[in-house]
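Engineer: Each chain is listed here by its residues.
4 protein chains.
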Amino acid sequence: MARTTGDPAKRYKCIARIKFWRRSRVGSDITLGVLKYKVTSRQPQHFQFAKIKSFMHRALKDDYNYSGSFQEAIKPVLIIAQIFALMPVRGIGSKFAEDLTFAWSSFRTYYALAMMILFGITAGYIVAFLTNVSFDFDSVETMTFYGSIFIISISFLQLARRWPAIAQEWQAVEAKLPPLRLAKERRSLAHHIKMITLVATTCSLVEHLLSMTSTITFAVACPRWPAHPIDNFLYFNFSTVFHFVEYTTFLGLLGKVINVLSTFAWNFNDIFVMAVSVALASRFRQLNDYMQRAARTATTVEYWMHCRINFRNLCKLCQVVDDGISAITLLCFSNNLYFICGKILKSMQTKPSASHTMYFWFSLSYLLGRTLILSLYSSSINDESKRPLRIFRMVPRKYWCDELKRFSEEVHMDTVALTGMKFFSLTRGVVISVAGTIVTYELILLQFNKEETTAFTC
Amino acid sequence: MARTTGDPAKRYKCIARIKFWRRSRVGSDITLGVLKYKVTSRQPQHFQFAKIKSFMHRALKDDYNYSGSFQEAIKPVLIIAQIFALMPVRGIGSKFAEDLTFAWSSFRTYYALAMMILFGITAGYIVAFLTNVSFDFDSVETMTFYGSIFIISISFLQLARRWPAIAQEWQAVEAKLPPLRLAKERRSLAHHIKMITLVATTCSLVEHLLSMTSTITFAVACPRWPAHPIDNFLYFNFSTVFHFVEYTTFLGLLGKVINVLSTFAWNFNDIFVMAVSVALASRFRQLNDYMQRAARTATTVEYWMHCRINFRNLCKLCQVVDDGISAITLLCFSNNLYFICGKILKSMQTKPSASHTMYFWFSLSYLLGRTLILSLYSSSINDESKRPLRIFRMVPRKYWCDELKRFSEEVHMDTVALTGMKFFSLTRGVVISVAGTIVTYELILLQFNKEETTAFTC
Amino acid sequence: MARTTGDPAKRYKCIARIKFWRRSRVGSDITLGVLKYKVTSRQPQHFQFAKIKSFMHRALKDDYNYSGSFQEAIKPVLIIAQIFALMPVRGIGSKFAEDLTFAWSSFRTYYALAMMILFGITAGYIVAFLTNVSFDFDSVETMTFYGSIFIISISFLQLARRWPAIAQEWQAVEAKLPPLRLAKERRSLAHHIKMITLVATTCSLVEHLLSMTSTITFAVACPRWPAHPIDNFLYFNFSTVFHFVEYTTFLGLLGKVINVLSTFAWNFNDIFVMAVSVALASRFRQLNDYMQRAARTATTVEYWMHCRINFRNLCKLCQVVDDGISAITLLCFSNNLYFICGKILKSMQTKPSASHTMYFWFSLSYLLGRTLILSLYSSSINDESKRPLRIFRMVPRKYWCDELKRFSEEVHMDTVALTGMKFFSLTRGVVISVAGTIVTYELILLQFNKEETTAFTC
Amino acid sequence: MARTTGDPAKRYKCIARIKFWRRSRVGSDITLGVLKYKVTSRQPQHFQFAKIKSFMHRALKDDYNYSGSFQEAIKPVLIIAQIFALMPVRGIGSKFAEDLTFAWSSFRTYYALAMMILFGITAGYIVAFLTNVSFDFDSVETMTFYGSIFIISISFLQLARRWPAIAQEWQAVEAKLPPLRLAKERRSLAHHIKMITLVATTCSLVEHLLSMTSTITFAVACPRWPAHPIDNFLYFNFSTVFHFVEYTTFLGLLGKVINVLSTFAWNFNDIFVMAVSVALASRFRQLNDYMQRAARTATTVEYWMHCRINFRNLCKLCQVVDDGISAITLLCFSNNLYFICGKILKSMQTKPSASHTMYFWFSLSYLLGRTLILSLYSSSINDESKRPLRIFRMVPRKYWCDELKRFSEEVHMDTVALTGMKFFSLTRGVVISVAGTIVTYELILLQFNKEETTAFTC
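Protein chains in written order, with the numbering used here: chain V, -1 to 456; chain A, -1 to 456; chain C, -1 to 456; chain D, -1 to 456.
Derived by calculation from the structure, the hints in this document are not laboratory data. Check before you lean on any hint, since a few could be wrong.
Since the list gives no way to pick one copy over another, a pair counts as held whenever it fits inside one copy or between any two copies.
What the hints assert, rightly or not - Result set (BS3-like, lysine-lysine): computed pairs, CA atoms no more than 25 angstroms apart in a straight line:
no. : residue 1 : residue 2
1   : K403      : K73
2   : K174      : K396
3   : K93       : K192
4   : K73       : K314
5   : K314      : K93
6   : K403      : K314
7   : K314      : K384
8   : K403      : K384
9   : K254      : K182
10  : K384      : K420
11  : K396      : K314
12  : K344      : K396
13  : K349      : K174
Only a predicted model underlies this, so the values are computations on that prediction, with no experimental measurement involved.
Whenever a hint applies, use it, and build me the whole structure from the sequences.
Structural biologist: Set out below in structure tokens:
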């Protein structure tokens, strides 16, 4: 358009980057028309460098940064996982799945193993408390919590060893899929997963703070060492263990660390399954959208064969991923259900203080919301995997072929979904079963509702 | 036939109307043979005008008035909705879906919004009552009631914004369907919906009057201001709110208005889902009947292609409608189940007075009946959508073609039904699940049956 | 073989009968080789007449008497029904469905109506007793019993009006089915149904006698008129009604008659559904056996077309029958389940006398057994309707054709079964659901088991 | 390779054995290349005899001993069965199913019948104890136990009569399957079943010893004849029976024998179903692996026809086996569920001694584990029978044929699985239903948890 007076060196560097960027997307149908035009060789000296620079910046930020790959989208989730001593895989910052490795002799692995052992010891102490001191509902719940965390950390260690292979499979499948055309489409998955992570972590933080507040309320009301408020808090935070071990400030702090990490690890479990579900569903959607655009037009047998192979790859990918994470999924769902039922059981009790009440209701709402959203996200894979059926309906009679018939029957016969250890498939129906179970349980409880008050018993 | 001596002007007017009426039905296979014959141009002066006039009157009344369209059939339902401050869509009187519009700045919308806010405020007061004053089963029920009404009014506002689009989609699909041949067929849908509306509204009115009677019984037995019977009634009608707000006669009246409108809105919810279900099912039936007439005869590939496209349109229409109303459907079912279970819970109690007893049993029967009929109507869509399978069975081997095979597989694979937020499909099986749930609940209750008496506690 | 010296006249009569008998089975592949041989025209005077006479007698008894038709097999069930004032259809003794008629002005109908009214009056008195005198579990059970009988008698009256049409449809479908080749096959259905009727009626009789014994025990222990033992018995037999009406010996006897008829009518309900189920399943089996014999051999498209049409007819027949009896089926199952649960509820109570104990356990076992067998019989229709799928598997590749493919898909897609008012299909799975429900209920009861003793309270 | 100086006679004997061994595997693709090479006739005197001898030994041990047949794999299970007086079939040591026979007049049958009668008598005494002495939960459990054993021994006698036919059918089906290529594959099934038998029997032994310990604890605490500890133990071991019969040492020993045999028979029930399930699943896997190897390559219609016939044979075999053992399967599952629920019911009670506690928890864990593994093994048949669908997906378009389409539809439509008396199919879903039932039951119990203590009541 207008002339440019910018620094040629910079300009060429920019062009080089554009070329690099374009090359890295060979075969993709890019519609950033303006950019294309300016880069043509016939007008090398006639464009406004400032404009293209700013455009480049935007493009680089929005588009270059986002290749739309799973590897890229799952990155923040994995970083958070490693902060909380889960998933000790190396190379999670890379754009390429080939860079991912697992090594036993790495700092991340040591960190994860150390925390795993600490979780195990804590769970062991609580089992000892249960069998020797007091077998009540609260202690069973605490034991379930730390037991779950222990199993979760083992599961994620297991998963970490298989993750590089899964990520490479995923990358290979993605490479063959029809490319994402718009920058918005490439951006969307990563943004979605970031949002999930953000919201869930925030809620988890709020819940943990509320939980601390109610512990503090108790520590203030019934102090053990009236002069040391922090020690008081740390003591009551981990009182079950300190029934067996002599309290020291160091152990108190360690207990708090274990407590914080376990809370977040427990929460992270759900985030991880959500993120993977969203990513898998988005890949199915990518293929479906591609097919939907072509469905009403003239299509060839080869086109549908290509689509069918892509669909098959996705199904296989879903199974590979499910083989890796189905134990985590089962843990996730059973845990959520257990704690929801446990909390509902206590919903009839009068709480000892306002901070307990707030903690209780926030915690219950968060649990319910998280379980609902988790169910919806994970069942969306199944929904998307069935959508081709609706797309095939649009194909005109002329282009209906045997290949399409085979494709249609395969889609109909398959159940593509994440599973809980292969025991149940996560489909839309699961949500209503889960809801039904909770409501039934609540109804039975309501029936035998006796007003109980749990006062402070210092 | 015989000669006519009538007024030529009138005659021509009549002919003009006949022509207009025929024109408005271009392409439809009308079998009113007599009329056809008389209107032919060759015999303009030779028919008995009185006869044709009376015939015309009947035809106009039965046939002209009824085009058999959904727009026409749903009209009375929408009028009632607007009386009770729901569905503020403009142009519901028109025969054409294009005339429907939604505008924020319209009297209907203001009215709906005002009532919505009042419902919200009422619900808020009851929540305050629950948390501050008394947390018992009756108050929870009242809260659920007003909470539901609040959500219902929001849902209908949402729906009102999408309604013009849905109605146009519906009209477009209807235009392509094989036309209804007989006047009786065209009349049937509108009559059916009118009957539903009439019966349900009457029952709702009776229930409300009985409910008022039992409130009056209470107000008479335990008067607050013995001299002002109406104030007494208005006070007890909304006593929860007047725990916080000073009672004035105006507020009492307003409370009664809110009370009446909410009762009818709650009831209207079910009527609306029933009407839409009946209308959708009737459209499937229309296509099925058309196919059934031809199934045993010689049919072409084009015929079945045409039918398949029509069927596909109906499936898409069902989905569009479901996207619009699935929240309302879920509310409808969960509400009914909740109140049925609540009422059954109280069925063991001895009622304080005969008017309470009557109100209780009428209300329970009405709820049960309404839920049953609602389930049956809404599942009839699914039933009708599966009927083509039975029709295909009749097609002789000679006319069996690939197109028919594809059609048959599509019908088999699809689940066409209204859903409760996509969580469950409304099929015939739902009825038995719902009944099973209620019976199980009742059985558990019977087991722990303790004779309770709820006396007046002034 | 050997020569005969018998009376030629008798011989010819016999031959005529043989011919008549053969003619009545035109096209059927009869394998009674000996008979065939002797009847040939070339050897008219050379067979031992005595032998053929005895053979004829056997053949006539086993084979001629049994055409294998439904009409014939259901006859004893209908006769019993009419004895107990149900199913007032005329012409049930005929071999031809065309002879069946229903008439309002017939003795059977008057008898059925009279009993229906008496059942209704009895039910009304018990409702009055419930609302005015005592609302306890036993009275509710009695009310359910007489209420059910009232509804059953209405349902059978309804059915009687539609029965002639159903029986004719059945006869028409049977006529087109491949004929039953062996006398044994023709006999089997009628024998099976007779056996069901016999066993169920005997058990019902035993149960009623045991029930009478326990009433007598009570009447003897707490006599009202110590001098009149029979009046005592008749009084206590219908004590609920005699709370309102003055006791007279006539009314006492009438009460006993009502009591007996209602017990048998209640039992007959199940017999009827069993008999119809067995008959329907046997017709499917007949077609399946015919197909199985041919499956591995060379078959033509026409052969399978013929079979498919026959199968289709059976499916339609099943639906017609179901439309007629589905209300009765639902009543049957819900009744059985209700009384089983009721009895289980009382299984924990200590019985007041040995005769009560015996009655209780016999009654419970009979109910359980009857429900199990009813479920199995009624689900056998569905089992048989799915068997063609297994038969098609045997067809060699060479004879696999499109017609067979269509047939196979139809069998797969259809659900052919009796239903409970279309709410649930009677398949094998129903049995396990029903058993599961009972066991769950029993488990919950066991949990809250409190030893209760129901002593005599004169 | 190198020369041999060994004894020619031995060498030839060895060669003869090799030849025999090879002959017995005509058509199988053996890949033991070294052996093949050495046996060729051109180099008869030039191989190291010692090496080949040792190789031969290994080969004979690993491979010759294992033909991979079911007959061979089930042998240890049947031997154990006969030790515990079940499955009195003769010829179980043979490699050929033809050698299996059942005879009434054989020692095994007499032994089985004798034990069956003793189980029956024991069950009878406990019923007498229940009705005459004390009707409590523990006695009902004992009765259920001995009643089940009685029915199990009848069921296995029934099965024994049909076993020769089943085994021959199995052998015939196996003969037509694609052969197992590697020695490892041939070995695997027998090893698997041995392992199951070993682990289950060991656990059962441990459980029985723990049970004896708790009986001893009781006998020591409350001695009947303080001077005779063994008599004391034997008395309390069978105290229910000795309530009716005078105690003698002989009867006490007989009681202990019955007790031991019944415990193991009860346990064996599960082992048997597991072994059969594993064997059936392995046969499906064998065919699937064979198909999977060829799926991506060029295949002919004949190839798939051959596979389809094999698959069909397996389905039929599965049905034949299921017809034989479905009663045992139902017993197995209902028994396990009953005892799990019973144990959970007692989980809240405080145990009277440490040995009781240990026994209780070991027993519960073992029961839960066994039921879980049984469910997984038996559902693996269904899983494997569905795997062909996934294999068909890999077939390239070029080799996709009508035969494959028919195969695919058959796999999709069929439900191949063991069943519980045809009432429910053992699929993966059963596991979650069973788990759900147990958890629901536990939840309801937790709700009404009352701390009970069952102290010694001498």
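Engineer: State for each hint whether it applies.
Structural biologist: Verification of the hints:
1. With identical chains, the CA atoms of K403 and K73 are never at most 25 angstroms apart, being 39 angstroms at best within one copy and 43 angstroms at best between copies.
2. For the homomeric pair K174 and K396, the shortest alpha-carbon distance between copies (21 angstroms) is at most 25 angstroms, but the shortest distance inside one copy (28 angstroms) is not.
3. Within a single copy, K93 and K192 get their C-alpha atoms as close as 17 angstroms, which meets the 25 angstroms cut-off; across copies the closest is 49 angstroms, which misses it.
4. In this assembly of identical chains, the alpha carbons of K73 and K314 lie at most 25 angstroms apart only when taken from the same copy (23 angstroms versus 39 angstroms across copies).
5. Taking identical chains as interchangeable, the C-alpha atoms of K314 and K93 lie at most 25 angstroms apart only when both belong to the same chain, with a minimum of 23 angstroms there against 41 angstroms between chains.
6. In this assembly of identical chains, the alpha carbons of K403 and K314 lie at most 25 angstroms apart whether taken from the same copy (20 angstroms) or from different copies (21 angstroms).
7. In this assembly of identical chains, K314 and K384 lie within 25 angstroms of each other by CA distance both inside one copy and across copies; the values are 15 angstroms within and 16 angstroms between.
8. In this assembly of identical chains, K403 and K384 lie within 25 angstroms of each other by CA distance both inside one copy and across copies; the values are 15 angstroms within and 20 angstroms between.
9. For the identical chains of this complex, K254 and K182 are neighbours neither inside a copy (42 angstroms) nor across copies (53 angstroms), given an alpha-carbon limit of 25 angstroms.
10. In this homomeric assembly, K384 and K420 come within 25 angstroms of each other (Cα to Cα) both inside a single copy, at 19 angstroms, and across copies, at 14 angstroms.
11. In the homo-oligomer, the alpha carbons of K396 and K314 lie at most 25 angstroms apart only across protomers (21 angstroms), although the nearest pairing inside one protomer, at 31 angstroms, exceeds that limit.
12. In this assembly of identical chains, the alpha carbons of K344 and K396 never lie at most 25 angstroms apart, being 63 angstroms within a copy and 63 angstroms across copies at closest.
13. Taking CA atoms no more than 25 angstroms apart as the test, K349 paired with K174 passes in neither setting, with 57 angstroms inside one copy and 63 angstroms between copies.
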